[in-house]
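Q: Residues per chain, in single letters:
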Amino acid sequence: MQPTNDQRLWMYRQMVTSRHLEERIETLYMEGKTPVFNMAKGPIPGEMHLSNGQEPCAVGVCAHLNADDVVVATHRPHHIAVAKGVDLNAMVAEIFGKATGLSGGRGGHMHLFDAAVNFSCSGIIGESLGPAAGAALSRKMQGKPGVAVAFLGEGAANQGAFHEVLNLAAVWQLPVVFIIEDNAWGISVAKQASTAVLRNDMRAEAYGMPGTHVADNDVEGVFAAAGEAIARARDGQGPTLIEIETSRLAGHFMGDSEDYRPEGEKAGLKGRDPIPRYRAALLEAGLIDAASDADLVDKAHERVEAAIRFAQDSDFLPPEAALETVFV
Amino acid sequence: MTTTSTTSSSRKLTIARAMAEATAHEMRKDPSVFVMGEDVGPLGGVFGNTRGLHDEFGSERVRDTPISETAFIGAAVGAASDGMRPIVELMFVDFFGVCMDAIYNMMAKNTYFAGGNVKVPMVLMTSTGGGYSDGGQHSQCLYATFAHLPGMKVVVPSNAYDAKGLMTAAIRDDNPVVFMYHKSLQGMGWLGTEKGATVATPEESYTVEIGKAAVARQGRDLTLVSLGAGVHHCLRAAKTLGEEGVDVEVVDLRSLVPLDRETVRASVAKTGRLIVVDEDYHSYGVSGEIIASVVEHDTTCLKAAPRRVAYPDIPIPFAPTMEQWALPNADKIVDAFHQMMSN
Chain A
38 MQPTNDQRLW MYRQMVTSRH LEERIETLYM EGKTPVFNMA KGPIPGEMHL SNGQEPCAVG
98 VCAHLNADDV VVATHRPHHI AVAKGVDLNA MVAEIFGKAT GLSGGRGGHM HLFDAAVNFS
158 CSGIIGESLG PAAGAALSRK MQGKPGVAVA FLGEGAANQG AFHEVLNLAA VWQLPVVFII
218 EDNAWGISVA KQASTAVLRN DMRAEAYGMP GTHVADNDVE GVFAAAGEAI ARARDGQGPT
278 LIEIETSRLA GHFMGDSEDY RPEGEKAGLK GRDPIPRYRA ALLEAGLIDA ASDADLVDKA
338 HERVEAAIRF AQDSDFLPPE AALETVFV
Chain B
750 MTTTSTTSSS RKLTIARAMA EATAHEMRKD PSVFVMGEDV GPLGGVFGNT RGLHDEFGSE
810 RVRDTPISET AFIGAAVGAA SDGMRPIVEL MFVDFFGVCM DAIYNMMAKN TYFAGGNVKV
870 PMVLMTSTGG GYSDGGQHSQ CLYATFAHLP GMKVVVPSNA YDAKGLMTAA IRDDNPVVFM
930 YHKSLQGMGW LGTEKGATVA TPEESYTVEI GKAAVARQGR DLTLVSLGAG VHHCLRAAKT
990 LGEEGVDVEV VDLRSLVPLD RETVRASVAK TGRLIVVDED YHSYGVSGEI IASVVEHDTT
1050 CLKAAPRRVA YPDIPIPFAP TMEQWALPNA DKIVDAFHQM MSN
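These protein sequences, in sequence, are chains A and B.
Per my numbering, residue 38 is the first one in the first sequence, and the count goes up by one each step.
Per my numbering, residue 750 is the first one in the second sequence, and the count goes up by one each step.
For reference, chain A alone in the conformation it holds in the complex:
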């Protein structure tokens, strides 16, 4: 399955947008946190899990989705939220904890919910699978169009939830796709030190569903694998498991010294940064030239800057608003 030229440009634009957002968050996050790193300080307090390097997973999958489809993402959600079409202003405002945020600042960066595009995420490993399967069950029972996609990291494949939900989704032939973003590290523990199989897509066989592997963080490889899986789901042929070999170009969270990485690994990953690679491919294919690329990048950056200004200019809810929306 090949992307159209429009889809190629769309994927590239989303990757550029997401990366610029992460780079700006990185700078803003460090405000107030130097010289002493205190996670509670600055305009963006708390943990921050940046998605730099994992953009191909988000865009290659979401290129096949529309607003009706359900996505449940992880604690590292920004690239997926951008690609799923989450309202960028409200998302960035939520990351800042502002009143104009998706939930008025009650969620924060690990708890982004945008019902308008059926996006949610959560902070605990392996939590995406159950709700995605349930949303898929809901669509199947209601006879409503739409599929569900659960994103998870390779570490989540060792959680009980992974095995329970894969089995359930296969038994019930649910229209759901499980996307493993394999960035090779569960915080500081390497995949090969935690996982009994070489690749998690091999585990699909144990649950009677197709398993696909995408090597080398390849945007169009993700697009092809996800396209096939999502088409199967839409066609009522049940779930698929996909593992994507991706790269975490930032730390697990901001402030992670990454001393556990072998020497030279990070430099090697940066040399394989998927965005310059995809830019080169699009230049090579003649889809963009230097001028149109600069224009595309400028526009993506301005969209991010506008969202950041929106967030910065917004107020916080009064503290006692914390008492609201426990129940509806």
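Just so you know, the hints here were simulated from the structure itself, not pulled from any lab data.
One should not assume that every hint holds.
Once the Cα atoms are required to be at most 20 angstroms apart in a straight line, the calculated EDC-like pairs of lysine to aspartate or glutamate come out as [as the list claims (entries may be wrong)]: (1) A:Lys181 to B:Glu805; (2) B:Lys868 to A:Asp105; (3) A:Lys336 to A:Asp326; (4) B:Lys868 to A:Glu361.
Stretches of chain A that chain B covers, calculated by requiring three or more beta carbons in the stretch to come under 8 angstroms of a beta carbon on chain B [to be verified]: (5) 58 to 66; (6) 139 to 146; (7) 156 to 162; (8) 166 to 173; (9) 358 to 365.
Just so it is clear, CB atoms sit at the ideal spot from N, CA and C, and this is done for glycine as well.
Starting from the structure of chain A, add chain B where the hints point.
A: Frame of chain A, contents of chain B only:
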């Protein structure tokens, strides 16, 4: 919210039947309501509360699941957020350990995380209680464990009328509701059924408002507060004490979240004496919460220090001699009152 039946009915139902009847009624009316859990299908639920549903609605809407609570409770969260109204069963509340993440980190929190923009209208049914020597992993109540965690309503009926009305209210609620039913009240003969739980229950649909306690017996001298099976211990103790000339009021909490503190306070304001009866563990639980709710509001209303008759802080033992010794009962409540009056 509360709809009281206008037609009288002398038909008596068990709690199990009442739960199934309420569920069936809502399933007929609302195609988004469905049931899933272990053995809820053709078997009708280990405790009878889904009996007949599979025959009427089929295996699409009454789904037997794999033994995978994390998966199907997590799936219920996703389905509820997508327009469905799932009713899921955690067969024994003791099993919450294998799936609590789906319950308290997702079911209970997603609406708040979404600033109210995502609803999670689901019911988690779960059985509680012991007294039949099922050992320490099949006999707990764990009321406080669930009631402690914000974001989910918690109801505990003591009789079939309330069970049916609370079940209907729970299914219609746009928030997650944990429906905790006590095994000894289910009307399953093999569980040593409490007869007082099988009461007149109208055939037509009605709701009992979640968050409203009931005064199960009126009195002037002593307030007994309890829930579930404990209400029946209290009613027996009230009868015994009545023969001694003590006029006992019994408050049936019915809901733990929201908690009807007003009804408890009004009763204690009248009687001046409070004993809380709870089959859940003694410390950090319902009994302490009820007493605190009274005394933080008004210390002058009490004529004597409040007391509690609760399960001791021990795992539940198997041997009948030990388990029965540890459980609350009417005699212990009567003794607690006598001690209160002798101090």
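Q: Are the hints correct? Go through all of them and say.
A: Hint check results:
For the given pair, Lys181 (chain A) sits about 23 angstroms from Glu805 (chain B) by alpha-carbon distance, which is inconsistent with the 20 angstroms threshold. Of the pairs offered as hints, the one joining Lys868 (chain B) and Asp105 (chain A) holds, with about 17 angstroms between alpha carbons and a cut-off of 20 angstroms not exceeded. Of the supplied pair hints, the one linking Lys336 (chain A) and Asp326 (chain A) holds, its CA atoms being roughly 15 angstroms apart against a limit of 20 angstroms. At roughly 14 angstroms between alpha-carbon atoms, Lys868 (chain B) and Glu361 (chain A) fall within 20 angstroms of each other, so this suggested pair holds.
Under the rule that three or more residues need a Cβ within less than 8 angstroms of chain B, the assignment of the stretch 58 to 66 of chain A is violated, with 0 such residues. Beta-carbon proximity to chain B at under 8 angstroms applies to 5 residues in the stretch 139 to 146 of chain A; the threshold of 3 is reached and the given coverage holds. Judged by the Cβ-Cβ criterion of 8 angstroms, the stretch 156 to 162 of chain A is covered by chain B as claimed, because 3 of its residues qualify and three suffice. Remark: the stretch 166 to 173 of chain A is confirmed as covered by chain B, as 8 of its residues place a Cβ nearer than 8 angstroms to a Cβ of that chain, reaching the required three.
A stretch counts as covered by a chain when three or more of its residues have a beta carbon under 8 angstroms from one of that chain; for the stretch 358 to 365 of chain A and chain B the count is 5, and the coverage holds.
In this structure, the hints that do not hold are numbers 1 and 5, in rising order.
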